[in-house]
Amino acid sequence: MSSYRHTGNIKAGLFILGILLIIGLLNYTRYLANELRKDNREIVQLYAEIIAETVKDKSDKNLDFVFDNIIRKVKFPLIQSDTDHLPQLWKNMHPGIKTAEDRKALLTAMDRFNEPIPLIYDNITFGFLHYGDSHLIQKLQWWTYIELGAIGIFIFLGFAGFTFIRNNEKRHIWVGMSRETAHQLGTPVSALMGWIDWLKEHPEKADEIIPDMEADLNRLQQIGRRFSKMGSEPKMEVFDLSQRVEKVVSYLNRRMPTLGKKVKLNNEIENGVKVRANASLLSWSIENVVRNGIDAIDRENGKIHITLRKEGNQARIRIKDNGRGVPKKDWKNVFRPGFSTKQAGWGLGLSLAQRIIEEIHHGKLFIVESSSATGTVFELTIPSQ
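Per the numbering used here, the sequence shown starts with residue 1, numbered consecutively.
One should not assume that every hint holds.
[What the hints assert, rightly or not] The calculated DSSO-like cross-link candidates involving lysine-lysine, where the alpha carbons are at most 27 Å apart (straight line), are:
#1 Lys262 - Lys303
#2 Lys139 - Lys205
#3 Lys170 - Lys91
#4 Lys139 - Lys98
#5 Lys170 - Lys205
[Stated by the list, open to error] Each pair of labels, with its calculated beta carbon distance range:
#6 Phe239 - Leu157: 49 to 55 Å
#7 Glu369 - Gly194: 56 to 62 Å
#8 Gln221 - Glu369: 35 to 41 Å
#9 Leu14 - Ile210: 56 to 62 Å
#10 Gly13 - His94: 20 to 26 Å
#11 Arg166 - Leu20: 57 to 63 Å
#12 Leu21 - Gly161: 18 to 24 Å
#13 Leu220 - Asp197: 17 to 23 Å
#14 Pro327 - Gly161: 27 to 33 Å
Derived from the structure by calculation, the hints contain no laboratory data.
For glycine and all other residues, C-beta sits at the position ideal for the given N, C-alpha and C.
Whenever a hint applies, use it, and build me the whole structure from the sequences.
Here you go:
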């Protein structure tokens, strides 16, 4: 339940962050537009003072000069009106504005954003200068909405793509877990079927194989416990890792015929190596790596060598096979869920093993070396006692 709460909090946080980003972008754009309007106002104020000075002359030549040579260079709409706000002179008007009604409507619209500047001579107001936003301000405002639209489209496509990928991964993991379960159950089930066939042919030797059958039944129970512990807090205990590795090697060695492989398992295990871990999950990880090595062997004289040493405060396990090897570029990919170099593989065994080792036991699982000629060496380390 906590993971769902965390997911909901992350989504809410991202939504709030997006809203804040939009608000911040709009406010910053508004700030820039207001600053540009202030600059425009200072320019228009200067023009108003120039016009007021030219009014002193009885001739209209100076006023015409101001409009023709100074005000015409303005990059935003400009209208001079009388005291009744009726347009008298204008510059930089849109070609679509032709009639007096159009100019009056534009004047009213401009006044909503920019207060008109009065033209004053001898303390007498004889008109006003009305001005609109420059093309730069208009482009800035439009560009903000274009940015928001682009961000919205990007977020939508990213979310849709992420959802599609996540759903595909879920389907793949569900199928992969089913295959992994079948893979785990395959060895003890096949062994039990083999023991039953052998019993039918040799009923008088039942006592000899009952221990092996019990071992396979215990194996089935162990697999059930392993899967039941996934997603829950594992119980840690101190135990002898040497004995646990010996049991894994012994079990796989005796069941090798049921795996359809001619592989010899050798081990070189130091006695008395103790660790604090979850015995069931740790055994599962080791077994997954060994079985991966078995699956990688496609030759007659298959060999897997398993060593266990205590080095300082670390228990170090090396598992070496003489299989087909892993290309250097895939040394990290083999631990990624869904990646597999086997035609029938689902790429979950090594992924689960690495997660158990690194996330639960704070150790490491990685490839030391690998080649098509000599095979692959995996190394597994966890803190020892």
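Against the structure, the hints:
| no. | hint | verdict |
| --- | --- | --- |
| 1 | Lys262 - Lys303 | holds (9 Å) |
| 2 | Lys139 - Lys205 | violated (93 Å) |
| 3 | Lys170 - Lys91 | violated (65 Å) |
| 4 | Lys139 - Lys98 | holds (24 Å) |
| 5 | Lys170 - Lys205 | violated (48 Å) |
| 6 | Phe239 - Leu157: 49 to 55 Å | holds (51 Å) |
| 7 | Glu369 - Gly194: 56 to 62 Å | violated (36 Å) |
| 8 | Gln221 - Glu369: 35 to 41 Å | holds (37 Å) |
| 9 | Leu14 - Ile210: 56 to 62 Å | holds (60 Å) |
| 10 | Gly13 - His94: 20 to 26 Å | violated (45 Å) |
| 11 | Arg166 - Leu20: 57 to 63 Å | violated (26 Å) |
| 12 | Leu21 - Gly161: 18 to 24 Å | holds (20 Å) |
| 13 | Leu220 - Asp197: 17 to 23 Å | holds (18 Å) |
| 14 | Pro327 - Gly161: 27 to 33 Å | holds (28 Å) |
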